[in-house]
Amino acid sequence: MLAQQLLNGVVVGSVYGLFALGFTLLFGVNHIMNMAHGAVFMWGAFAGLFAVTMFDLPFAAALVIGAVAGGLLSVVLDWVAFRPLRKRNAPEFSAIVSSIGANLILLSLAQQMTATRVMRFPFDTFPIRFYEILGVRVQLLQLVIMAVVILTVVGLVWYLQRTNAGRQIRAVAYSEGTSRLLGINPFSINFQVFFLSGALAGVAGVLIGLVFNSVHFMMGEPLLLRAFVVIILGGLGSIPGALIAGLLIGIVQVLTVSYLSAGMADVVVFSLLFLVLLARPTGLFGSASGGAARVARQ
Amino acid sequence: MRLFRKTLLASVAVLAAGVTLAQAETYKIGVINALTGTYAFGGVPIQNAMKLAIEQGNESGKLGDVKLEVVEGDSASDKGQTITLVSRLAQDPALLMIIGPTTSLEGTAGAPVANEQKVALFGIGSSRGIVQAGPWSFKVQQVGDDMLGELSKYVAEHTDIKKIAVVFDRSNDGFVSQKNAFVAGLQGTGVEVVSEDGILSSDTDFLAIGTRLANSGIDAFFVAAPAEVGANVVVQARQAGVPMEVPMVGPSSFATPAFIDTAGGAAEGSIVIADYFIGSKNPGNEDFVASYEAKYGAKPDNWAAMGFALASLAVEAVKQAGPEPTREKVRDALAGLRDVPTILGNGTWTMDSDDFDPHYGAAILKVQDGGLVLANP
Numbered sequence: 002m003l004a005q006q007l008l009n010g011v012v013v014g015s016v017y018g019l020f021a022l023g024f025t026l027l028f029g030v031n032h033i034m035n036m037a038h039g040a041v042f043m044w045g046a047f048a049g050l051f052a053v054t055m056f057d058l059p060f061a062a063a064l065v066i067g068a069v070a071g072g073l074l075s076v077v078l079d080w081v082a083f084r085p086l087r088k089r090n091a092p093e094f095s096a097i098v099s100s101i102g103a104n105l106i107l108l109s110l111a112q113q114m115t116a117t118r119v120m121r122f123p124f125d126t127f128p129i130r131f132y133e134i135l136g137v138r139v140q141l142l143q144l145v146i147m148a149v150v151i152l153t154v155v156g157l158v159w160y161l162q163r164t165n166a167g168r169q170i171r172a173v174a175y176s177e178g179t180s181r182l183l184g185i186n187p188f189s190i191n192f193q194v195f196f197l198s199g200a201l202a203g204v205a206g207v208l209i210g211l212v213f214n215s216v217h218f219m220m221g222e223p224l225l226l227r228a229f230v231v232i233i234l235g236g237l238g239s240i241p242g243a244l245i246a247g248l249l250i251g252i253v254q255v256l257t258v259s260y261l262s263a264g265m266a267d268v269v270v271f272s273l274l275f276l277v278l279l280a281r282p283t284g285l286f287g288s289a290s291g292g293a294a295r296v297a298r299q
Numbered sequence: 088m089r090l091f092r093k094t095l096l097a098s099v100a101v102l103a104a105g106v107t108l109a110q111a112e113t114y115k116i117g118v119i120n121a122l123t124g125t126y127a128f129g130g131v132p133i134q135n136a137m138k139l140a141i142e143q144g145n146e147s148g149k150l151g152d153v154k155l156e157v158v159e160g161d162s163a164s165d166k167g168q169t170i171t172l173v174s175r176l177a178q179d180p181a182l183l184m185i186i187g188p189t190t191s192l193e194g195t196a197g198a199p200v201a202n203e204q205k206v207a208l209f210g211i212g213s214s215r216g217i218v219q220a221g222p223w224s225f226k227v228q229q230v231g232d233d234m235l236g237e238l239s240k241y242v243a244e245h246t247d248i249k250k251i252a253v254v255f256d257r258s259n260d261g262f263v264s265q266k267n268a269f270v271a272g273l274q275g276t277g278v279e280v281v282s283e284d285g286i287l288s289s290d291t292d293f294l295a296i297g298t299r300l301a302n303s304g305i306d307a308f309f310v311a312a313p314a315e316v317g318a319n320v321v322v323q324a325r326q327a328g329v330p331m332e333v334p335m336v337g338p339s340s341f342a343t344p345a346f347i348d349t350a351g352g353a354a355e356g357s358i359v360i361a362d363y364f365i366g367s368k369n370p371g372n373e374d375f376v377a378s379y380e381a382k383y384g385a386k387p388d389n390w391a392a393m394g395f396a397l398a399s400l401a402v403e404a405v406k407q408a409g410p411e412p413t414r415e416k417v418r419d420a421l422a423g424l425r426d427v428p429t430i431l432g433n434g435t436w437t438m439d440s441d442d443f444d445p446h447y448g449a450a451i452l453k454v455q456d457g458g459l460v461l462a463n464p
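First to last, the sequence lines map onto chains V and U.
Okay, so the first sequence: first residue is 2 according to my numbering, each after it adds one.
Okay, so the second sequence: first residue is 88 according to my numbering, each after it adds one.
Some hints could be false.
[Said to hold, decoys possible] Restraint-style ranges between C-beta atoms, simulated for each label pair: (1) U:D444 / V:V269: 55 to 63 Å; (2) U:A385 / V:F131: 29 to 37 Å; (3) V:L58 / U:R425: 54 to 62 Å.
In case anyone wonders, no lab produced these hints; they're calculated from the structure.
Just so it is clear, the structure is predicted and the values come from calculations on it, not from any experiment.
Ideal Cβ positions, reconstructed from N, Cα and C, are used throughout, including at glycine.
Sequences are here, hints too, so could you generate the full structure?
Given below as structure tokens:
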């Protein structure tokens, strides 16, 4: 059972990581704690669901539509909730409050639209197949989820590290002022970062909605709380940190449910966060220079 | 003679006016349920059936000149919203009583307010907390001990189940009490409870629990949760490898189309206890099924039956309160209801005199070919 539960933990944890990546990317570049990230995730899931239920599109198309919808919504959020604040050099706290407001609006709209119903992908959206690998029962969907997460992360890292656009994003993350002097257009960079962040949330939304058989207007809220743990544990703004911490949280959560009880999962996860922060206040992969970078950016 | 004629005409006019006034004697009845939110799967059919029962009560003439006007409200499956609704409705002096809300969660929140405002609240939830809030709150559903005791007895005496795991919604008082009653009922019967797992109604990831169930050598697993959450537990347990020969055993929240539709094939073989069975021969049931289907285009489920039974009892209480009902008279009449024919359980609804616990028996059902059939031996 241990191997089976570890597999469950890796699957859940990789989706946590995917969700947290968008969250941490936005924080790393724009230094925004986007409290509406859970709502973007939820709307991405709904976009994927409607693609399947209303237009009879396949799972792969639902993933793409979820990603595009999440990305576009995130860009709109930037224009409405964050960009006006940036123009006025408002403090970071204003952006948090603004995103909380945006989150409530997006949740209310989804609640009205769905009449608070729990919705789900049709049973035939994805073939239900199981394989026995070394005594572990593996679902085809679990394999696809891990493949999608790996491909997405590899693509993101390649984009950030190997492309000119990625280099510009990293330059803006370090110092927006210096980047401007170098001729980098921050408008384009912000568009890319918000789109990428929302697209990652949208993909995670479709995957979570499918694997857990539930799409609901509140589905992003528990995950947002988990994402906080993931990015703080992994180190604010750290992409490998978010991934590894996501996997760690997923595995710890599943093993707690398995060997203690379901009710103890949150106790163990948040105790772990507390202990790590006591030992390493910057998280497992964070560094004190993160603070310096933030100062430099301003 | 002319004086006599004038007096006679005046008397007739006064009497006629009196009759007209009496005919216009309309009293309000608050009908609040979870029309949205987690418990809407039950709240909507309950609300529909309550309105049907009140409509039939008005049309039957059993209330004499009294007419009941429904004032609807949506608790949104939320405690705070329930409190607000009960407070607001109680402000209306023409309001006789409130029927609803849908669950123990909302009922235990609204009952103290109803007692404070001295308006009778007749709710659904199985928790004793509703009645214990004070003399103005009552409930139609029997406590978990009654219902779940019957289910434990059935599992122990009429199935081959020897090892069972328990999963329950720990955020809802009613589901916790159902779980406790089920586990207590199994004590000393030879059926071993191998694990107890508390979940939240907002949870969606049950793969870890499902994997544990699949590896624990159980003969069945008991789930106490809202229909759609429970259905998700069942689906993910099957995906994790719990075979179809290991049935889900559950309370009345699963004797609903919402559960069967959501769980699909994973629900087959589930054993559920219900307050009501659509094929029951209880008095009035055939008429209820026909009129509900004609009005709402769907067959009534367990929740619709519960709502209809409750509203019918409320109409009976108003009738017993007399031609000039007041809040006090209706409360007293409600408190005095005993051995009333009902469509629920064994056909007779009654209450204990000391703690006002209702009783009406139960039906054990099985999910078979996407529907519910009677499983009682």
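Here is what the structure says about each hint:
no., hint, result
1, U:D444 / V:V269: 55 to 63 Å, "violated, 39 Å"
2, U:A385 / V:F131: 29 to 37 Å, "holds, 35 Å"
3, V:L58 / U:R425: 54 to 62 Å, "holds, 59 Å"
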